[in-house]
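Top to bottom, those sequences are chains A and B. Going by UniProt numbering, 62 is the number at position 62 of the first sequence; the sequence numbering is gapless. Going by UniProt numbering, 450 is the number at position 450 of the second sequence; the sequence numbering is gapless.
The hints are simulated quantities; they were obtained by calculation from the structure and are not laboratory data. Backbone N, C-alpha and C define an ideal beta-carbon position, used for all residues, glycine too. Mixed in with the good hints, there may be bad ones.
Straight-line C-alpha distance at most 20 Å; calculated EDC-like pairs for lysine to aspartate or glutamate [stated by the list, open to error]:
#  : chain 1 : residue 1 : chain 2 : residue 2
1  : A       : Lys138    : A       : Asp152
2  : A       : Lys223    : A       : Asp255
3  : B       : Lys111    : A       : Glu398
4  : A       : Lys138    : B       : Glu575
5  : A       : Lys138    : A       : Asp476
6  : B       : Lys560    : A       : Glu507
7  : A       : Lys133    : A       : Asp458
8  : B       : Lys560    : A       : Asp500
9  : B       : Lys433    : A       : Glu379
10 : B       : Lys560    : B       : Glu575
11 : A       : Lys553    : A       : Asp458
12 : B       : Lys111    : A       : Asp458
13 : B       : Lys111    : A       : Glu154
14 : B       : Lys111    : B       : Glu22
15 : B       : Lys433    : B       : Asp369
16 : A       : Lys553    : A       : Asp500
17 : B       : Lys560    : A       : Asp458
18 : B       : Lys433    : A       : Asp458
19 : A       : Lys438    : A       : Glu398
20 : A       : Lys133    : B       : Glu102
21 : B       : Lys202    : A       : Asp164
22 : B       : Lys111    : A       : Asp500
23 : A       : Lys138    : A       : Asp360
24 : A       : Lys133    : B       : Asp205
25 : A       : Lys133    : B       : Asp523
26 : A       : Lys553    : A       : Glu590
27 : B       : Lys111    : A       : Glu379
28 : B       : Lys202    : A       : Glu507
29 : B       : Lys433    : A       : Glu154
30 : A       : Lys553    : B       : Glu581
31 : A       : Lys438    : A       : Glu379
32 : A       : Lys37     : A       : Glu226
33 : A       : Lys223    : B       : Glu102
34 : B       : Lys560    : B       : Asp369
35 : A       : Lys138    : A       : Asp122
36 : A       : Lys438    : A       : Asp458
To be clear about the criterion: a stretch of chain A counts as covered by chain B if any three or more of its residues have a C-beta under 8 Å from a C-beta of chain B, and this derived list gives those stretches [what the hints assert, rightly or not]:
#  : segment
37 : 43-57
38 : 90-100
39 : 130-144
40 : 464-478
Now for the letters of each chain:
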Amino acid sequence: MSANKAVQLDTVKRLPDGAASSGPKAPGGAIAGAKPKDARDAMRRIWEAFGNNRTTLVISLLLSVGSVIGSSIGPWQLGHATDLLVSDDFTMSALVRQLLIVGAIYLMASSLNLLQAWLINDLVQNMGRDLRKAAQAKLARVPLRWFDAQPDGEVLSRFTNDIDNMVQNLQQVASQAMLMLLTVIGVLAMMLVLSVPLAAVALGGIAISLGVTRVITRAAQPKYAEQWRETGQLNALVEETFTGQTLIRVYGARDRVDQQFAEQNGALANVSLRAQILASLIQPTMMFVNNLAYIAVVVFGAIRVLSGGLSLGEVQAFIQYIRQIGQPISQLGSMAAQVQSALASAERVFELLDAPEMSDDPASETQLAMPVAGHVQFEHVGFRYSPDQPLFEDVSFEARPGQMLAIVGPTGAGKTTLVNLLVRFYGIDSGAIRLDGKDIATLARSDLRHAIAMVLQDTWLFTGTVHDNIAYGRPDATREQVIAAARRCHVDDFVRTLSDGYDTVLENGGGSLSQGQRQLMTIARAFLLDAPILVLDEATSSVDTRTETLIQKAMADLRQGRTSFVIAHRFSTIRDADMIVYMEAGTVRETGTHEELVALQGGYWQLQHGAQS
Amino acid sequence: MFDVTDTPREGHRNPGAPGWRERVLRYKWALLALLLCQVGQVTASLLLPSFSADIIDTGISGEDVSAIRHFGALMGIAAGVQLVLSATAVFIGARVAYRIAESLRADVFAKVHSLALSQVQGFTVGSLITRCTNDVLQVQTMLNMGLTVIVIAPIMGIGGSIMAVRQDVQLSQLLLFSVPILALIIGVLTIRAIPLFQRMQKQLDGVNSILREQVQGIRVIRAYLQEARESTRFGAANTDLTGTALRSGRLMATMTPSLTAAMQLTSVALIWAGASRVRAAELEIGALIAFLSYVALILISVMMMGMMIVMLPRALVSARRITNLLRTPVDVGPPSAPKPLPPRSAGLHLCFQDVGFGYPGAEAMVIEDITFDLGPGEVLGVIGATGSGKSTILNLIARLDDPSTGRITLGGVDLRDIAQTDLSSRIGYVPQKSYLFSGTIADTLRLGNPEADEAALWRALEVAQAVDFVRALPEGLLSPVAQGGGNFSGGQRQRLAIARALACDAELFLFDDSFSALDQVTDHKLRTALRGAVREAATVIVSQRVASIRDADRILVVDKGRMVGLGPHDTLMQECPVYAETVRSQAQPEEDAA
């Protein structure tokens, strides 16, 4: 009976445990069977993470000890009551007194246990909240370089799965593992006090059941691995065919896909069953061993009672102990796995929290004169993503207030990086970038970014209404202002086809919108911001040319009196620029107007010419 | 009680869907066997205390060592029987759970592949994937647990009570108090906890999705200086989540100590209640001790059930999500009486009559009043702004969705009356996103036509201007394609997707902005080759580029979902201002460096 739960918990742990609706997780992901690299260090960090609540943690541990002492001596004291019942100097009042003592012990044990469980629950849940908060706050402080160095999925997995896994396991471990460990110790101690030979029998039973579990678990491990492999393959098939669902329908490939799925689905079920045959032995075997220990206690106990070595009440206490100890022992194994898993997750979470942060804004903040004119100068800017790979060596150009500057060049020339440097997503290695004559490195990041409206290459929308998405940079904007911006950017038309218009909630980052529509939304967002400098990084690449022409008219209005930086592939977008910066492999090769650069017959001209031939 | 029938309860609420009840009843014999095994193993484990009572009462009181041995041996047999029966029960339970999961997964899979495009978009692909994988897994775990652990609790409760009554009727009356108390504790706690757990799951998903957005949108957030706002948004969600987690956690933390206390106090009360009768020799001391064991057994199984119930809400949410999907009526269901298409030699006429399409509840239609027809050998170009509904027209032809108004006929037959396989065999479709299936290049090209021989594949590649790069690959047609085609560039992917369509022996080709990743030169070559290759077929080309469609026999100009022009390029230049404007906006196509 007792082993039953352990096995089941164990099985559950092996199953992918992602948030039910947050998409599939890689099968056998980082959590399953993970081991911490430095368990002691991880434990120390968890201890530190409890912060001010460490005293509470210690108190709850003391409560556990008290509770276990109570539930360990309880059966022994109840045994006294039984002995009293069969003894010659029985009086009802003596029995009642004894029973009241036992009742009080039990009540005390349970109350302490309750208090402890509540304390731990609050402690661990609050720690989870603090960790999530710390992790989220960390987002704002790590440099983009750090994000570039690892896939988003990896960062997210630490934020979500690992914190979740850590909190869940810690709660289980902290509230139960200690209790169980203490119970095993306490009960064993009581058994030894009562009768050494019987305690030896019980210990033998424990040893056998632990051994059996170990043997079976080892044997089942490869089967579980196989089960995971099959699960992974099936999930991959599901993901692939669901993503290509329309194609499968139009191409009439249903039958083939169905057949493939049926084969893999059947294979998974068969493999799982094979793994289960072994696993299904664990629980009954553990129960069997526990029962044998129970039988041994009863039989030998009875014989000992006959020979006068034990009292009947003591045998009864032993029977209760055997039952009491079975469950914790069978669970300690899975608890050990939980501890490991929690520590491994904790390690990954702390790694995230330890990531290097951006330098603070300089202490002697230079102030930008208001209003910002929008005079931007790049002076001998040098920049590299990694130390051995210089991207920019010596980039210089200037955009005067109100000018439109186009940045052109083949893929990989560093165009996007250039505008990223302007908003200080990355710090430069040499030279200076100036805004209205002030080095941007000496400005507060917020002042700098306030001056710039940026449409980035990635069309990020968040889960919220269309209104909120457009008003992202100006949360106080009125509906009228939002609609006005939407009209100018041709967002209004398609917003009206949505079920709730501007109040339509965009799920999954606006996944149901086309790339072009998303781009228009992000342009509207920048429009509404009304900043002195405008940066458009491939802002209309997925928008049809006619709409683009219309938007450009609107943008031309917007650009009035504003400095703008435009990165685009389409020459129609660039032609009207006041200045074109033509880049190749991190170097500014040519600067000038369209006519000048065409006349030069250099790289710009060739790029344009190449499109013709 | 929370046995397996709890999950099928879902089925009562959704008549018509492949019910849970039906699904479970498919295994009624296995379940019956399982039930018998569970009853047997519970009986065996309940016999143990009874035998130990005999040992105490006959063995110790009668000072009879042989009786002790005798009953000890009986206990050993009971333990052995229990081992065998419970192992069998666990195995049957797992088998049934896995088989049900297998069939669920198959049904979800089949269902998803019959959904209309707009339904897929409504559910989102990600959520469909979750339903087919994670949700099924949750249900499987719950079923497995239900059949192996939770089902024991009622059997143990009933069996334990029977055994207790057999030992002593009077003492059993005590159980009339304590068992309801146990049930009450569990009932109250779980009834309060289940909604909390459900809410917590939702809040956890919420917190996680906010974080996902923040990681993905880190640049935008920084550029727009919204770090503080994002922190607040996250903080609110985090606080909500923690609040719910605290409350549900406390409820669950209350369960074990209170149940334990109830059980322990019951054993104390038992001794007290039995004391005078033991003294009066009306009750044997062994029976009293056996009673204590029964109480412990009942309690342990009840507690186990309590712990398992914690997992129930999550599995129920999953079950509900699966049910919702399986119950969704298919918008593009198969025809009840399919009509045959005209024979291949006749060619296919495509005809749109006042066709409109809109999402349910939307203020405006996506497309409205579209009317045109297209004969064999003809090319129709469709041009219009982003979001003007161009792709929708193609989706309707491919019957990825059905029109809300009007009708579409192919070869004179309403699309809704054509069997999907018939339709598929006549259509070659190139989607906007060039998604390729994993396998070899040959595999991915044979999607619509598994019998296509190598020569046919090469011919298709040639028209699609993909021969050069495929031939340059060391393994040629047998080169691997990663899922989605990720190991090829956008332009290569697009050309392979075109070749895939051409490899079908189709009579109607649909190109949804399928040349966008190609440079002008390749685009031009491809369209020229295409003209020769699909001479007898009807072709619809959707594009934003005038160059891609200006040579079409007719051009359909769509603006805000409405048809604003239909005719050849020259006529439209005269008569359709929207078209003329579009052409002007691309006036120097030779200057386009895309």
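Results for each hint:
1. A:Lys138 - A:Asp152: holds, 15 Å
2. A:Lys223 - A:Asp255: violated, 30 Å
3. B:Lys111 - A:Glu398: Violated, at roughly 59 Å.
4. A:Lys138 - B:Glu575: Distance of about 59 Å is beyond 20 Å: violated.
5. A:Lys138 - A:Asp476: violated, 26 Å
6. B:Lys560 - A:Glu507: violated, 23 Å
7. A:Lys133 - A:Asp458: Distance ~26 Å between Lys133 of chain A and Asp458 of chain A Cα, so the pair is violated.
8. B:Lys560 - A:Asp500: holds, 18 Å
9. B:Lys433 - A:Glu379: Given pair Lys433 of chain B, Glu379 of chain A is violated - Cα atoms ~42 Å apart, limit 20 Å.
10. B:Lys560 - B:Glu575: Holds - the C-alpha atoms of Glu575 of chain B and Lys560 of chain B are around 18 Å apart, at most 20 Å.
11. A:Lys553 - A:Asp458: Not OK: Lys553 of chain A and Asp458 of chain A at ~23 Å, beyond 20 Å, violated.
12. B:Lys111 - A:Asp458: Measuring from Cα to Cα gives roughly 33 Å; hence the hint is violated.
13. B:Lys111 - A:Glu154: Distance ~32 Å between Lys111 of chain B and Glu154 of chain A Cα, so the pair is violated.
14. B:Lys111 - B:Glu22: Holds, at about 18 Å.
15. B:Lys433 - B:Asp369: Violated, at roughly 27 Å.
16. A:Lys553 - A:Asp500: violated, 29 Å
17. B:Lys560 - A:Asp458: Answer violated: Lys560 of chain B to Asp458 of chain A is near 26 Å, above 20 Å.
18. B:Lys433 - A:Asp458: Given pair Lys433 of chain B, Asp458 of chain A holds - Cα atoms ~17 Å apart, limit 20 Å.
19. A:Lys438 - A:Glu398: At roughly 13 Å apart (the allowed maximum being 20 Å), Glu398 of chain A and Lys438 of chain A satisfy the hint.
20. A:Lys133 - B:Glu102: With Cα atoms ~40 Å apart, Lys133 of chain A and Glu102 of chain B exceed 20 Å; violated.
21. B:Lys202 - A:Asp164: holds, 14 Å
22. B:Lys111 - A:Asp500: violated, 28 Å
23. A:Lys138 - A:Asp360: Roughly 13 Å between the alpha carbons, so the hint for Lys138 of chain A and Asp360 of chain A holds.
24. A:Lys133 - B:Asp205: Measuring from Cα to Cα gives roughly 16 Å; hence the hint holds.
25. A:Lys133 - B:Asp523: Judged against 20 Å, a Cα distance of about 52 Å means the pair is violated.
26. A:Lys553 - A:Glu590: violated, 27 Å
27. B:Lys111 - A:Glu379: Violated. Lys111 of chain B to Glu379 of chain A sits at ~61 Å, over the 20 Å cutoff.
28. B:Lys202 - A:Glu507: Status holds; Cα separation ~15 Å.
29. B:Lys433 - A:Glu154: With a Cα-Cα distance of about 26 Å, the restraint between Lys433 of chain B and Glu154 of chain A is violated, given a limit of 20 Å.
30. A:Lys553 - B:Glu581: holds, 14 Å
31. A:Lys438 - A:Glu379: OK: Lys438 of chain A and Glu379 of chain A at ~12 Å, within 20 Å.
32. A:Lys37 - A:Glu226: At roughly 26 Å apart (the allowed maximum being 20 Å), Glu226 of chain A and Lys37 of chain A break the hint.
33. A:Lys223 - B:Glu102: Satisfied, since the Cα-Cα distance of roughly 18 Å is no more than 20 Å.
34. B:Lys560 - B:Asp369: holds, 12 Å
35. A:Lys138 - A:Asp122: Violated, at roughly 24 Å.
36. A:Lys438 - A:Asp458: violated, 29 Å
37. 43-57: With 0 residues close enough to chain B, the hint is violated.
38. 90-100: With 5 residues closer than 8 Å to chain B, the segment 90-100 of chain A meets the three-residue bar; holds.
39. 130-144: That given contact holds, which follows from 8 residues of the segment 130-144 of chain A lying within Cβ reach (below 8 Å) of chain B.
40. 464-478: Held - the segment 464-478 of chain A has 3 residues with a Cβ nearer than 8 Å to chain B, which meets the minimum of three.
In this structure, the hints that do not hold are numbers 2, 3, 4, 5, 6, 7, 9, 11, 12, 13, 15, 16, 17, 20, 22, 25, 26, 27, 29, 32, 35, 36, 37, in rising order.
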